[in-house]
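Keeping their order, the protein sequence lines are chains E and X. Sequential numbering from 6 applies to the first sequence in our numbering. Sequential numbering from 6 applies to the second sequence in our numbering.
Hints are supplied without guarantee of correctness; some may be wrong.
Identical chains share a label here; the pair holds if one copy fits it or two copies do between them.
[What the hints assert, rightly or not] EDC-like, lysine to aspartate or glutamate: derived pairs with alpha carbons at most 16 Å apart:
id, residue 1, residue 2
1, LYS85, GLU212
2, LYS333, ASP459
3, LYS340, GLU524
4, LYS18, ASP45
5, LYS152, ASP243
6, LYS604, ASP522
7, LYS603, ASP567
8, LYS340, ASP459
9, LYS394, GLU471
No wet-lab data here; the hints were simulated from the structure.
There are 2 protein chains.
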Amino acid sequence: MMAEKYVDLDTLKYLLNDVHDLNSLLDRERFQDHDPESLDLFIDSVKQFADKELFPYLREMDENPAHHKDGTVMVHPQVKTMMEKGGELGLISAPFDYEEGGMQIPLLVQTVTAYILDAANNHLPGYTGLTQGAAELIVHFANQTLKDTYVPNMLSGRWGGTMCLTEPQAGSSLSDIVTKATPTEEGHYLISGQKIFISGGDHQYAENIVHLLLARIEGAPKGTKGISLFVVPKNRPDAHGTLTPNDVTTVADFQKMGQKGYCTTHLGFGDAGDCRGFLVGEPNKGLHYMFMMMNGARIAVGRGASAIASAAYHASLQYANERPQGRKLTKDGTKNVDQKQNLIIEHPDVRRMLMMQKAVVEGSMSLCLLAAKYYDLEYTATSPEEKRKYNTLLEMIIPVVKTYPAEAGIDAVNNGLQILGGYGFCTDFVLQQYSRDIRISAIYEGTTGIQSQDLLGRKMTMGNGEGAKMLMDEMMQTIQAASQIDALRPYADILSQKMQKTVAIFEHLMPFAMKGDYERFLADASIFMEFFSLVVIGWSWLEIGVNAKQALLTGNGNYSEDFYESKLTTLEYFFAYELPKTSGLAEILMHPTTVTIKKEKETIC
Amino acid sequence: MMAEKYVDLDTLKYLLNDVHDLNSLLDRERFQDHDPESLDLFIDSVKQFADKELFPYLREMDENPAHHKDGTVMVHPQVKTMMEKGGELGLISAPFDYEEGGMQIPLLVQTVTAYILDAANNHLPGYTGLTQGAAELIVHFANQTLKDTYVPNMLSGRWGGTMCLTEPQAGSSLSDIVTKATPTEEGHYLISGQKIFISGGDHQYAENIVHLLLARIEGAPKGTKGISLFVVPKNRPDAHGTLTPNDVTTVADFQKMGQKGYCTTHLGFGDAGDCRGFLVGEPNKGLHYMFMMMNGARIAVGRGASAIASAAYHASLQYANERPQGRKLTKDGTKNVDQKQNLIIEHPDVRRMLMMQKAVVEGSMSLCLLAAKYYDLEYTATSPEEKRKYNTLLEMIIPVVKTYPAEAGIDAVNNGLQILGGYGFCTDFVLQQYSRDIRISAIYEGTTGIQSQDLLGRKMTMGNGEGAKMLMDEMMQTIQAASQIDALRPYADILSQKMQKTVAIFEHLMPFAMKGDYERFLADASIFMEFFSLVVIGWSWLEIGVNAKQALLTGNGNYSEDFYESKLTTLEYFFAYELPKTSGLAEILMHPTTVTIKKEKETIC
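Let the sequences and hints guide you as you build the complete structure.
Next comes the structure, spelled out in structure tokens:
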């Protein structure tokens, strides 16, 4: 049985326009041709596209997984529609400059449209999303010839794009990449190696696929300092645009527990010694360039996870509103069986599971939009200080944007499934699919462990803690605004205490790094991530609360009273049920010893 | 790729013999023919059976789900083996009296063997397990004719058994059962109604299936006080044993996200007006009788969840011991890429995820054995006081035994999957299957919400809190023993504080019940369950710790030093990483207001 709704468009637009104030961005020169009305129409057109071309195919893409056949990957026909119509609608080209064929639409708006697509059918938007990211890398770092050759066909959706990082022996450890690039006298390189887990790496509808690939030029330094970035097309075009196979082989398509319509390929490069790669930018700077695409992909993963949780939330909400079961207890603790059964949405335990989902979905949705806004502010900054500020803020929150929606989203979908009882486990209902689909979010684009090391080991310490300070200053502004409103002052106080606790934890851990004991410093990085994420999402909710309360107080809001009250109830929920978890997490982090560091001769059995 | 190990037999036997002291049970008259050596051989024979007939078929039962075809359910051929050879091995008859054809084996031992079977292949043991539970009901409450007619063929594995409670319109709300039983002059009743989610309800290998079914005799009181229990065979045997179809129709087999080899049927009774049911015991006492089977099934679900988590733990442990990836950071915070990669088991974050699994698996394993021991002590009690004591203790922990292994087990398997990174999401590895299989454990046999209401609403309050007090007395004994050992005293102190916190929470909540506000009293029952479970499992670990430390101090243990050290490390892990979560949960529970209770006119949107 299909749910009817997968995303609350009102909430998305509210966060976009009211909480994150899209209008303030439209003053920037880059965006001056846009106004809120035309962007609103763009969003609506994407919603219609998602309703018609994405959402109806969600179940059948799960039931008919992408699979390897005769040297290529067979995917669902909607992949073709996604690329072609997505290209026509401008879903790939939206953020690019006019001169590249783009629309100069703020990432903030594009995050809203991408969220809609992700929520409608998470198996499809990756195909256009990675194409966009790959084209972005070429535009920013490659020479004019590569731009002219590849970008137009990518933005139109005719050619796909991928990012090729992972290798079988290296996994998350990019230092250990061994794919080889051998220079030739004609200027290109000959590529040879294997890449695995390549999303959208090949399919029967792709005339061409443009791989952005990390490899090591012969003689390059070891480790990440010797990695270069190459454009490696599946088929190389000659001067007339004629395509010749480029010795890229599709070895396999990984079969997965979820997101089965989004292919995950194993590719071989240069088995026949004729795979040409074209260097992007300078040698040995590949990882630096790739971080642009990785950061975009990390935001996309968080956004996608939040969106899957959104779809699961609305499916379970619909069920809870329709399913009668059980009765409230009477004053003497018994049930009056003459009464008809209650709808399950009236039971507090079910309401808790619904509110949990709403808190995670909308809190993480708001955080994803904030990341996009920081990106836009950085991109259009008018001074180096401004650029640096928003770059720093963005860097600070990216690991959280990647991780919280994934980890809390998995729990949220799990709650959604639980609301359906036995039916939640059955394939007749979509919840079980969402629970399988969302699981990858905590893994790809850097696992939660990797993101946590990044947050604590790199981001919290960068510039001697300057980034952390900047982010806390932003939080303090919200806390101060909330303190001006009686009803919100208690929440402001709590969040302020949690920030102090964050500082105390960091001061407990930092000395280990100072004396070179990085293993100890980072041992509990994942726990720190869990702690810090809750604080950050508490901030997101406080920000929403300030806006909603002001709208109620002034009566100037665009939405109904119920709409704002429901935001304030969710804020209350978050501070009563989610944020208190930080107390236990802080105890873990402040523990004097760490049992997880291997002792001499210790075995786990 | 298949993992090699699914359960640690040493740990199972250690918990059985050392921690839970099987020997002390063998003094009881009922068990006097058994000695530890012969029971050990019985366990080993079951392990061999599981190695040969269960474990190798785990993956293919997932890949070839049970399904409805031509009016019956087609299951994997190993179901036949499970019933037949399981019958021969005594897996069904083990706990029954000699005079019923049983072996009078303690449930404590049978829990060990069932754990092995569950861990080897969770799709199979339900077939024999429910047959055993159904036969147990007949033996205890039905007349001699029904016993003679049904029990021998059930204990031999020739006929299956089920429990038929759930109906489409009622779900968990048994008050709303409408299946009808109409008396006839021949003594039997005519049954008519629909039952859903019936595990093992039909398959092509079953010569017969004996349904233990709840129905309402015409004119019976409304609600649970008007429910009676019936034996309703798929085929009814005449005096010569000839079978005639009994108008039980297999309407469908639910397709699920996991445990696909264990069929879940929708059955119709009496569509043609000729479905005979045979009353068990007295009319209107059906739910009371059924609780015997439900309690057994709840222990079985907890045990099964712990066992699936055990299999997932060993699969991820093997991977972590074999997979090289990444390097430890050096003193200056960089990586030395000239070193070869570390095995991932050396990374603290991976160790944390392994220890979490071990703590959940072995802690819940021990709790399941404790429940079985309470059952044995109750069953063989020599005085009414003793019987009452162990019955009360068992009742107290059953909701926890059902719930903690399920909920924490889901998280544990999730950690196991995460350890494999991208491979965890791929069907080439078994972790994704375990994560799908275990999900049902939090749903069937009463969801976590239902168990939590039972714990807080019924068990904590029964006999004016007498049960809670008895259980805490048991915990205090462990705390006192631990206090005698220097290394364990800190843990004893922590657990003692957590018990005090439990009392404080209960004293905060109880007044709501006293004034008849049951909705408020029970609103956070699931949070209370999470809190209380952690305290109970903390107790399990402290008990294991006392035993392991004593073995190390005396040098009299049967196991290696590493074995005991590893138990103590896991105790340390549990108290440093899991038990602190109670601090946040306590804050939630002590919160003065409860946002999850529906306000007038409030909508969740």
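Okay, the hints, checked on the actual structure:
Taking the shortest alpha-carbon separations for LYS85 and GLU212, only the intra-copy value of 11 Å comes in at or below 16 Å, while the best inter-copy value is 51 Å. In the homo-oligomer, the alpha carbons of LYS333 and ASP459 lie at most 16 Å apart only across protomers (15 Å), although the nearest pairing inside one protomer, at 48 Å, exceeds that limit. Taking the closest pair of Cα atoms, LYS340 and GLU524 come within 16 Å of each other only across two copies (12 Å); inside a single copy the shortest separation is 57 Å, beyond that limit. For a Cα distance limit of 16 Å, the shortest separation of LYS18 from ASP45 inside one copy, 8 Å, qualifies, whereas the shortest one across copies, 66 Å, does not.
For the identical chains of this complex, LYS152 and ASP243 are intra-copy neighbours only, at 14 Å inside a copy versus 84 Å across copies, given an alpha-carbon limit of 16 Å. In this assembly of identical chains, LYS604 and ASP522 lie within 16 Å of each other by CA distance solely inside one copy; the values are 15 Å within and 52 Å between copies. In this homomeric assembly, LYS603 and ASP567 come within 16 Å of each other (Cα to Cα) only across copies, at 14 Å, whereas the closest approach inside a single copy is 54 Å. In the homo-oligomer, the alpha carbons of LYS340 and ASP459 lie at most 16 Å apart only across protomers (15 Å), although the nearest pairing inside one protomer, at 53 Å, exceeds that limit.
Taking CA atoms no more than 16 Å apart as the test, LYS394 paired with GLU471 passes inside one copy only; the shortest distance there is 10 Å, against 61 Å between copies.
Violation of the numbered hints given earlier is absent; every hint is satisfied by the structure.
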